[in-house]
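> Residue numbers (the working numbering), protein chains in the order written: chain A, 335 to 566; chain B, -3 to 74.
Check before you lean on any hint, since a few could be wrong.
[Stated by the list, open to error] Covered stretches of chain B, as calculated for chain A (at least 3 residues, CB under 8 angstroms):
no. : region
1   : 6 to 20
2   : 61 to 70
[Stated by the list, open to error] Covered stretches of chain A, as calculated for chain B (at least 3 residues, CB under 8 angstroms):
no. : region
3   : 357 to 366
4   : 454 to 460
5   : 471 to 479
6   : 495 to 502
To be clear, the hints were calculated from the coordinates, so they are not data collected in a lab.
Note that CB positions come from ideal geometry on N, CA and C, so glycine has one too.
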Amino acid sequence: MDQRYERNFSTISLDEQARLGRSGVCVTGLGGLGGCVAEMLARTGVGNLVLVDGDHFESSNLNRQLLCTEELVGMSKPDAAQDRVKAVNGSVNVRKVRSFLREKNARDILFGCDLVVDCLDSIDDRFILEEAAQALEIPLVSGAIAGTFGQATVIFPEDRGFELIYGKKREIRGQGAEKTLGNIASTVFFMASIQVSETVKVLLNRNGVLKNRLLTADLESCSFEIVDLPGR
Amino acid sequence: MKMIEIDLKLFVTLAKYLPEENEPFRVAPGTTVEMVMKQLNIPENLVKLIFINGRREKPGYVLQQNDRLGLFPPVGGG
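Only chain A is shown next, with the shape it has when bound in the complex:
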């Protein structure tokens, strides 16, 4: 191994680094959160990434989406993410999926992954993802944002997951508070960092994961809290 991971080693041991290299992580949604997450996973050394989004960059993405540059407006998000990952860390294997996650393709997309990171932008789609992840027994690291607010949690196959956060699946439709509040770069980058940190912890079997707990962050008032979600 070259010097690439040298500065990781007081936090991530050599064995753990090798383990990350063998791990496969799916990033669903390559907008604000997903672009940052893909970048950080590649830098940290997660060896296999599945990058999923059916969307193209628009100029309204420039305010917060790391991978969106003026030059790339109009480009497919998974194409851009693959180029970026390869530019940062050529040893990472990328499988890109140029479609949105749907019930009919969710399990095929996730198959073979060790973990999935939820960077989606609709609540309905999050339930579809959770169902597929739990069926395949893959842990799910979820992040969601609106304005200066963000939340994150880790959902394992046995957990009640999103129904504790969003209510029953059939009560939910479409977007949440972000529809009126929009999204800004500082919240996106902050929550993406939490997601990547949780992802690495789960892959390495570390303690302190946000299982059955929800981290809430309000950057406007600088208030951060971890709240308990009941288990079974």
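Let chain A serve as the given structure and place chain B on it in line with the hints.
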């Protein structure tokens, strides 16, 4: 009647329903979370998460002195 004092926090889009006098927020003994929401005209379907002292609770929870009550709307942006 002696009122109960609670710490009320309304997050994200719910912040606009926070009354001017809220530190502390006072309610009558026996008041539930649901009753507070009604009193503040917060539409029931806007609230997806209720936290009391860092634990998820149901709308029927009866508030106690010094409770920290947090209400959250659904947040789904990515």
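> Each of the hints needs a verdict: does it hold here or not?
Checked hints:
no.: 1; hint: 6 to 20; verdict: holds (count 3)
no.: 2; hint: 61 to 70; verdict: holds (count 4)
no.: 3; hint: 357 to 366; verdict: holds (count 3)
no.: 4; hint: 454 to 460; verdict: holds (count 5)
no.: 5; hint: 471 to 479; verdict: holds (count 3)
no.: 6; hint: 495 to 502; verdict: holds (count 4)
The structure meets every hint from the earlier list without exception.
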